[in-house]
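**Student:** So you can see what is in the structure, the chains are spelled out below.
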Amino acid sequence: MAAPVSSERPPPTEEEWSAMQASPEFVELRKRLRNFVFPVTAAFLGWYAAYVLLATYAPEFMSIRVLGNINLGLLMGLAQFVTTFGITAWYVRFADRRLDPLSAKLRDELEAAK
Amino acid sequence: MTPTVLAQGIAESSPILNITIFGLFVVVTLAIVIKVSRQASSGASDFFTAGGGFSGPQNGVAISGDYLSAASFLGIAGAIALNGYDGFLYSVGFLVAWLVALLLVAELLRNTGKYTMGDVLAFRMRQRPVRAAAATSTLAVSFFYLLAQMAGAGGLVALLLNVTDKTQQAIVIAIVGLVMIAYVLIGGMRGTTWVQIIKAVLLIAGAGIMTIWVLALYGFNLSALLGDAVLRAGDAGQALLNPGQQYGKSELSKLDFLSLAIALVLGTAGLPHILMRFYTVPTAKEARRSVVWAIWLIGLFYVFTLVLGYGAGALVGPEAIRAAPGGANSAAPLLAFELGGTLLLGVIAAVAFATILAVVAGLTITASASFAHDIYLNVIKRGEVTDPNAEVRVARITAIVIGVVAIGGGIVANGQNIAFLVALAFAVAASANLPTILYSLFWRRFNTTGALFSIYGGLLATVVLIVFSPVVSGKPVDPVTGRSASMLQGVDFAWFPLDNPGIVSIPLSFLLGAIGTFLGREAGGAQRYAEMEVRSLTGAGAETAVAH
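Sequences listed follow chains A and B, in order. First residue of the first sequence? That's 65 in my numbering, and the numbers climb one at a time after it. First residue of the second sequence? That's 695 in my numbering, and the numbers climb one at a time after it.
Residues on chain B that point at chain A, a partial pick, calculated with CB under 7 Å: (1) 921; (2) 989; (3) 1221; (4) 1225; (5) 1231; (6) 1234.
Just so you know, these hints were derived from the structure itself, not from any lab. Quantities reported herein were computed from a predicted structural model and do not represent experimental measurements. For each residue, glycine too, the CB sits at the ideal point set by N, CA and C.
The whole structure should be built from the sequences, with the hints applied where relevant.
**Tutor:** Now the structure itself:
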């Protein structure tokens, strides 16, 4: 579990932070992140809201039997589990491929800037 | 077996065995805590965040240990056993909530903070007022949650050790509190993390074994299991599979459920003891891995409770559960007894106690860290202390104080309906903390006034609405027990109709954050936002792990 202690170089100055924030690569990183997490968050919250509203206000619909004693409500609830796992795996892949390389590059630039 | 015999089955099932297994858990974990504390340095980083030295998977297991409280295990299984589907709805909310943490909070928090939520909220604001607000909110949430756990310990004791005398229950609560204080003082974050890892493994494995056992009895046919639960429940049977048993009774109760559902899904990412767990790893990427592991484990566990709940309904039966001490909470232990006799019951009982112990340890260390780091170091001492060990010393003293208060509170609150305390904690976390965290991380314009408005406003709104809700006063008296379900008997000053204020307090807090920002005089510190945004996304300048 040992990790290197941060080196002795001085931290980036305010100008350097601002410059990085304005740089096209950082803008790209921010865009990639926001274009993923904001819509996906809206989507899963919407799906969760639909599920909760159906369970609360349309119990007869949720009670429709599908497989023996297993009804639509149970399937939808389990579907919430499946989508949660799915979104988790999707985000991990996305972050690994589209975020981490770029953020690592920018981090190295900032920390090596001296 | 008639219901009463089965209920006595718990009581006579050998409290000695239960205590022995639990005692074994305490001894083993204390030994581990002492051992790992020898490897530690004495610094603040080690006490508060274990020097950032846990790996993603280890931390993920610890997070699930922190999150899966006795309420999750006993409460949800019991709710499903008695009320069927509506109990399952709870667990969906508890799980989906983690996506908020994964996508919006975990990594960004890790990159911009050091030990506490206050670090992030105060990053580009005026330090002292915002840190005071963050600490206030942290202490409030931790206190409600802690009280619920400690009072729950009293109820658990009645259930599993047949200790019905209030004084004896008080003694057990005190012992739980003292052991917890020992974990925190000796082991700090490192020790408590190991306790949580051990407890999580025991809890998930225990639930897993019971689940497979139950399913095997039905030939791994879920539909057959459900069918049997329906049969066992008699007239109410069919309704068990459908939503509405618990929450569908009136328009008001439906709205109440919506409010609860919102508070659950948004509260998790604002719980201070969860947020602190993002700092016990070396990098943001490991924070991400932690949450991923936690999501899989927590999701798996809630699938288990689905089977266990209906399994208890089918194999034990609702009458037996209701008749047993502890009511719904007895479903899982009774099922354990039904499956594996006194030994399995002993193990499950010990796991339930261990669960409480681990969760209260996590809450205490979070609250003490917040007080020591946010209030003592940054507000009182303005960030400068001559003695490098002062911060940790203050945290230790705070932990003792919190432990004593929690013991006292738990004894007083013993016997109360404590589920509302956990719901209150989630509502406060969702109202006071989450909007402020999201605005801080994503909204350039957000400023100190906005932060103060959303934290204090959210906290106040939630507490006021709960105080004037049916939870505290005014519920009708139950003719069977002669008691009203409200906290206070014989008075009614409730004007807010819902048990859970989330549906009002959460949007209100977002609104207050915005209003405060526009009213505030600062421009939001564009320069500091540059640093915060770049740090949060790239990890440059983040607190690194301490070599050890």
